[in-house]
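Q: Put together the whole structure using the sequences plus the hints.
The lines below spell out each chain.
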Amino acid sequence: MADALVIKNMSKRFGGLQAVQDLSFTVRENETLALIGPNGAGKTTSFNLITGYRRPDGGSVSAFGREIVGLPPHDICAHGLARTFQVAKPFGAMTVLANVMTGAFLRDKTVGIARDKAREAIAFVGLSAKEESPARDLTTIDQRRLEMARALATQPRLLLLDEVMAGLNPSEIDQAVALIGKLSERGLTIVIVEHVMRAIMAVARHIVVLDHGQKIAEGAPKDIVENEDVIRAYLGSVTVHAPAAAGESSCSNSPA
Amino acid sequence: MRTQANLIRLLAPRLLGLALVASVLIALPLVVKSSFALDIFIRILLFSFIGVAWNLMGGYAKQLSLGHAAYFGLGAYSSTILQVDFGISPWIGMIIGGIVAMLASLPIGALCFRLRGPYFTIATIATAQVLMLIFLKFRDLAWGAEGTTIPNLGNAPLMMQFDAKAAYYYIVLGLLAIGLAITYRIEHSWMGYYLVAIGEDEDAAEAIGVNAPRMKRDIYMISAFLTALAGTFYTQYIYFIDPATAFNFNISIEAALVSIVGGIGTLWGPVIGTILLETTSALLQSWLGSSFGGVQLTVYSLILMAVILWRPTGLIGLIGEASRRLSRRKPVSA
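Protein sequences, first through last, are from chains A and B. In terms of this note's numbering, the first sequence is residues 1 to 256. In terms of this note's numbering, the second sequence is residues 1 to 334.
FYI, nobody ran anything at the bench for these hints, they're computed from the structure. Every residue, glycine too, gets a C-beta built ideally from N, C-alpha and C. There may be inaccurate statements among the hints.
[Stated by the list, open to error] Below, a list of computed lysine-lysine pairs in the DSS-like style, where the Cα atoms sit at most 30 Å apart:
1) 182(A) with 130(A)
2) 62(B) with 109(A)
3) 182(A) with 215(A)
4) 62(B) with 89(A)
5) 222(A) with 8(A)
6) 130(A) with 62(B)
[Said to hold, decoys possible] A few chain A positions that, by computed beta-carbon distances, are all more than 10 Å from chain B:
7) 25
8) 58
9) 65
10) 82
11) 128
12) 137
13) 140
14) 168
15) 172
16) 184
17) 217
18) 220
19) 223
20) 228
21) 233
A: If you want it as C-alpha cells, here you go:
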C-alpha cells in the first residue's frame, strides 16, 4: 500500500507553548488512522497544520507524494484532502443541498452536475429527508453529517475528521461508526481525531497517541490500550490512577 | 416532460411579472411629466443600482464595505477629467472610469481584506476618505475643493447630455437592468454559492476548496466597476463635480442601507429598500422639510430601526411570506 500522508518532524509553537513537537507519522492509503490524546495534546493543531490553516514552524507534510506545507487550505482541499471541524461550521443560511453543492463545485462548476453529486453525497450520509432544510435548523448529529457530505462532495482521497462524535449519544455514535466504516469501504483514507474510545477501537486500524504535542505511542489498537505510557497519560486504569489524575487526563473512555 | 411543464408553470408568472414591471417602468416618463417626480424616480433607480452593485460584495459575500464612495468618486472624476480636459465622451469615460475603479479596488482590497468583520468596514471607510482628501488637496489633479461644472452643450446625446430628463431616466434604468442581470447570473452560478459560503464562514469555505481571497477580489472588482458607472452618470446628471459630492460618505452609507433594509444578499433587496427609503425621504422633505427641518431624517431613522429590529433579513422576506400565504390560499378558493 502506498503512503497517503507522510508527516515528518512537524512542529508548532504558540508563544511559550509547544503545541506540536517533532511529530512524525505515516498514513497508508485506504487506512483509517486515529489520533488520540488528552485535551490540549495537539490533535486539532496537527489538523490545522496539515490542512493549511496554520503553518508549521518546521517539518514536512507530504500528501500523495506532494509537499503541501505552505499551500493555502483551498489548494490542499483541491489536492484531495478534505476536513471537518471540531465545532461544525455549516453555512447556516443555505439549505443542506446548497451547502453540499458548494463543495461539489470544486470539481465541476456546472450547477446541474453539482446538484446531482451533492444529492449523492447527502444520500450517502443519510440526510436526504432534510435536503431543503436550512442548515442552521439541523441537530448536532445532522450538522456533522452535513459537514461530512460537504467534504465528500469535494471528492477527497483523504478525509480528516475532527471529533465528529463529540456530543453524540450512544446510538448516534453507532451510526457515525457505521458511516465511517462505509467511507473506508469506498476506498477513502481517513484520519480521525476522537475521544470516544469505543468508536476508535471500532474504526481505527492504526492509532497515534499524542501528549503535550509529542507522539508517545503508535500502533495497532489492541497494543495501544495495553501500553503503559498511554494508560498513564490518557486512558487511565484501575491499577494506576488516582482520582485526581483521572480527572486531569479528562478520561473520555466511553462508559456506554 | 412533466418537469418541463412544471418549470414553465413555475416560471411563467415570474416572467409575466417581470415583463409587466419592465413595461410600466419604460412607459413611466411618458405618463409622468412632473420634473420633481421624475427626479425622484431617477434617484430611486440610481440608488437601487448603487445598492445592487454594493450588494454583490456586501450582501452575498457579507463583506460590509462602507467605502463604496471611493469607486463612485473615481468613476465620476475619471469621466469628468476625460471630458473637460480631453473632450472625450462620458460614454467612453464611463467605461474607463469603471476600469479605473476596478484597478483601484485591487490594492484597496489587498489591504482591507487582510481584516475581517468590523475592522474591514473601518478600513474601507478610510480608503474613501483618503481618496477624497487626495482630490481635495492636489489641486493640479482635478480642480481641488471648488470642483468644476460640466460644460453645458445643450442636447448632446453623444456627450451624455440631454434636454429631456426622461433620457437620464432611461440611462439609469438601463444601468439598473444590467446590474440586476449580472446579479442574477452570479446568484445562479457556482459564484453565488461560493460568495454566500464565504459570507457564512470563510474557514469552512476554504476547507471545501473555495479560494476565498480570489473570490473576494473578483467580486470587489465587479462591484467597484458598477459603482463607478453610477458616479459618471450622477455627475452628468447634476452637471457638477467636487470631492465632497463625489466621495460623499452618504453614498457609502446609502449603498449599504438600501440593501440592508430591502434584504441583504437578495436580487431585489436593494431595489425594494431604495423604493421605501428614497420615497419616504423625498416625500417627507417636500411636505415637512420647510416647516420642520430634519424631520425626514428622524422618520428615516425610525424606519431603519424598525426594519433592523423586526425584519433583520430585510423587507424582501416580508414579500416572500405574503406571496407564499397568497399562493397557499389559492387552491382552497379554486
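Q: Are the hints correct? Go through all of them and say.
A: Structure-based check of all given hints:
For the proposed pair residue 182(A) and residue 130(A), the alpha carbon gap of about 21 Å is at most 30 Å, so the pair holds. Restraint check for residue 62(B) and residue 109(A): the C-alpha separation of about 22 Å stays at or below 30 Å, so the hint holds. The straight-line distance between the Cα atoms of residue 182(A) and residue 215(A) is roughly 29 Å, inside the 30 Å bound, and the hint therefore holds. With a CA separation close to 16 Å, the supplied pair residue 62(B) and residue 89(A) stays within the 30 Å bound.
For the proposed pair residue 222(A) and residue 8(A), the alpha carbon gap of about 25 Å is at most 30 Å, so the pair holds. Distance check on the hinted pair: residue 130(A) and residue 62(B) sit about 26 Å apart at the alpha-carbon level, within 30 Å; holds. Its beta-carbon lying about 22 Å from the closest one in chain B, residue 25(A) satisfies the requirement of being farther than 10 Å from that chain. Distance check for residue 58(A) against chain B: the nearest CB is about 23 Å away, which clears 10 Å, and the non-interface claim stands.
Even its closest Cβ contact with chain B, about 20 Å, leaves residue 65(A) beyond 10 Å, as expected for a residue assigned away from the interface. Some Cβ of chain B comes within 10 Å of the Cβ of residue 82(A); the nearest lies about 7 Å off, and the non-interface call is violated. The beta carbon of residue 128(A) sits about 19 Å from the closest Cβ of chain B, which is more than 10 Å, so the claim that it is off the interface holds. For residue 137(A), the non-interface assignment is confirmed: its Cβ lies about 14 Å from the closest Cβ of chain B, beyond the 10 Å cut-off.
At roughly 16 Å from the closest C-beta of chain B, the C-beta of residue 140(A) stays outside 10 Å, upholding its exclusion from the interface. With a least beta-carbon separation of about 20 Å from chain B, residue 168(A) lies farther than 10 Å from that chain, consistent with its non-interface assignment. In this structure residue 172(A) is separated from chain B by more than 10 Å, as the shortest Cβ-Cβ distance comes to about 22 Å. Non-interface status of residue 184(A) relative to chain B is upheld: no Cβ of that chain comes within 10 Å, the nearest being about 21 Å off.
Taking the minimum C-beta to C-beta distance to chain B, about 29 Å, the non-interface status of residue 217(A) holds against the 10 Å cut. The non-interface label for residue 220(A) is consistent with chain B: the shortest C-beta to C-beta separation is roughly 30 Å, beyond 10 Å. With a least beta-carbon separation of about 33 Å from chain B, residue 223(A) lies farther than 10 Å from that chain, consistent with its non-interface assignment. With 10 Å as the threshold on Cβ separation, the claim that residue 228(A) sits away from chain B holds: the shortest Cβ distance comes to roughly 37 Å.
Every beta carbon of chain B lies more than 10 Å from that of residue 233(A), the smallest distance being close to 30 Å; the non-interface claim holds.
Violated hint: 10 only; the structure is consistent with all others.
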